[in-house]
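Number of protein chains: 4
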Amino acid sequence: MAELLMTSDEITTFLKEVFPQSFGEDNVAFSIDAIQPNEALLGLTAGEEHLRPGGTVSGPAMMELADYAMYVLVLAHIGPVELAVTTNFSINFLRKPLPGRLLAKARMLKLGRSLAVGDIFLSSEAEPLKAVAHASVTYSIPPRV
Amino acid sequence: MAELLMTSDEITTFLKEVFPQSFGEDNVAFSIDAIQPNEALLGLTAGEEHLRPGGTVSGPAMMELADYAMYVLVLAHIGPVELAVTTNFSINFLRKPLPGRLLAKARMLKLGRSLAVGDIFLSSEAEPLKAVAHASVTYSIPPRV
Amino acid sequence: MAELLMTSDEITTFLKEVFPQSFGEDNVAFSIDAIQPNEALLGLTAGEEHLRPGGTVSGPAMMELADYAMYVLVLAHIGPVELAVTTNFSINFLRKPLPGRLLAKARMLKLGRSLAVGDIFLSSEAEPLKAVAHASVTYSIPPRV
Amino acid sequence: MAELLMTSDEITTFLKEVFPQSFGEDNVAFSIDAIQPNEALLGLTAGEEHLRPGGTVSGPAMMELADYAMYVLVLAHIGPVELAVTTNFSINFLRKPLPGRLLAKARMLKLGRSLAVGDIFLSSEAEPLKAVAHASVTYSIPPRV
Chain A
1 MAELLMTSDE ITTFLKEVFP QSFGEDNVAF SIDAIQPNEA LLGLTAGEEH
51 LRPGGTVSGP AMMELADYAM YVLVLAHIGP VELAVTTNFS INFLRKPLPG
101 RLLAKARMLK LGRSLAVGDI FLSSEAEPLK AVAHASVTYS IPPRV
Chain B
1 MAELLMTSDE ITTFLKEVFP QSFGEDNVAF SIDAIQPNEA LLGLTAGEEH
51 LRPGGTVSGP AMMELADYAM YVLVLAHIGP VELAVTTNFS INFLRKPLPG
101 RLLAKARMLK LGRSLAVGDI FLSSEAEPLK AVAHASVTYS IPPRV
Chain C
1 MAELLMTSDE ITTFLKEVFP QSFGEDNVAF SIDAIQPNEA LLGLTAGEEH
51 LRPGGTVSGP AMMELADYAM YVLVLAHIGP VELAVTTNFS INFLRKPLPG
101 RLLAKARMLK LGRSLAVGDI FLSSEAEPLK AVAHASVTYS IPPRV
Chain D
1 MAELLMTSDE ITTFLKEVFP QSFGEDNVAF SIDAIQPNEA LLGLTAGEEH
51 LRPGGTVSGP AMMELADYAM YVLVLAHIGP VELAVTTNFS INFLRKPLPG
101 RLLAKARMLK LGRSLAVGDI FLSSEAEPLK AVAHASVTYS IPPRV
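Residue numbers (my numbering), protein chains in the order written: chain A, 1 to 145; chain B, 1 to 145; chain C, 1 to 145; chain D, 1 to 145.
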């Protein structure tokens, strides 16, 4: 069974330090709602810049949420490592999200020596069981001791 | 041979009208550098919010550039249609980009009745022949008369 | 709730008629183990031609199983339609399968007007809860009346 | 500039030894037509088992050809290594191939320390400039000295 090396709060603190542009003081768009072995739940409260006409979240904002959710899940399992980088990202957009907050549920499918693979379901908070997009993401991770 | 239905300027005007949040007055991050049958060349001058420590462009910003490049290519071939939406997006990140402007070269692989498929090479402007990422994108397009 | 239009037996009969090369009399490699709304379970008893040294199933054989599982799932929901074709297929190989029978669990993520999207987990029958590969597949389906 | 470590003939001999089931005496379906730095050209003469009604090559046979083309390209650059394995495979099917021989043109996009990434265009020999499918493939490769 996978063991967690970081809590949500520790990850949030780490991200604000290392990526101040994206996760600095004022950036409250993303939230880490829960982390457990092999699974992470995140949310995105979309700002104006993430919206399409009609108030729904844009495709690129959904991709960013999915990539970020996998990054958080990886950090939780391997610790505060800046050098984890996405090598492959693939997403199917299934239906238009409802206006409002978006959820991402990331699941670890493989945590290997040098690659971590997961998939992420995105859904509208108002309709959490109906996937609006499904992503598969591979991170290259540094060798661990 | 594919025929172009919109010029760069017409597409830029269309995007500012339809997506003012992303392409309004002040947003000069993306530029359409050239369009020809089956090919479009775009650029991204990354702002602070697109950067990673070290000054290189973030993965999500590269994904947005690739998706946007394909959207512009589709618009050029089918005309000003709001309803073209990404259905599948897949990207391999190959190497870290150099600091500075990023280029995207999008190529149409198929322009079908209901799907358009293309691939996009991203490179640093300082090293245009060395791909930093390679994306494959499918758009669902409305039936044309 | 999705309704099933074909049973396992009806699909098997249909496939033998339409694709006699792949599913004719002597071809007992693939089996349809169960079908229910939005889900199908299939198996592959690998023959010599599907094996790698060590007796494990080859990557292309796993891709064929995943694609076939999605096709069966689509047929179950839209009826005996020859013209459903794969438009996008993406797979992550996670770990080497054990020797022996392979299982595929396909799940419908979207059954739209013209596209069906699903994901498929492959596992060894001897270790059914441990995914050896995870695929995402899109089929183009003919408009239904 | 990439240097080649194996010729077409050396690769063919290696594959017959290591994968006798797939590339033994009688299996003449696949051919290596040309190899040069960063590029390989292969062909598939489809047998009955690869065909769909109408005499066109099946999707899984095209996936096998694309995966095999990338494997050959990797071998040519890293030498006779059994342990190179596909980690990610993604393909877009663009149009139905014509009956007859199929070509695969594989191109190396990245040859890194532990990952090799390439893309492959498949076309009908009768219409070599018109892609019938486009694949992106990642191989995990053993560390080299």
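Among these hints, one or two may not hold up.
Copies of the same chain are indistinguishable here, so a pair counts whether it falls within one copy or spans any two.
Listed below are the simulated DSBU-like cross-link pairs for lysine-lysine, each with C-alpha atoms no more than 35 Å apart in a straight line [said to hold, decoys possible]: (1) 130 x 105; (2) 16 x 96; (3) 96 x 110.
None of these hints come from the bench; they were simulated from the model.
So, going through the hints one by one against the coordinates:
Taking the shortest alpha-carbon separations for residue 130 and residue 105, both the intra-copy value of 12 Å and the inter-copy value of 19 Å come in at or below 35 Å. Taking the closest pair of Cα atoms, residue 16 and residue 96 come within 35 Å of each other both inside a single copy (31 Å) and across two copies (22 Å). With identical chains, the CA atoms of residue 96 and residue 110 are at most 35 Å apart both within one copy (29 Å) and between copies (12 Å).
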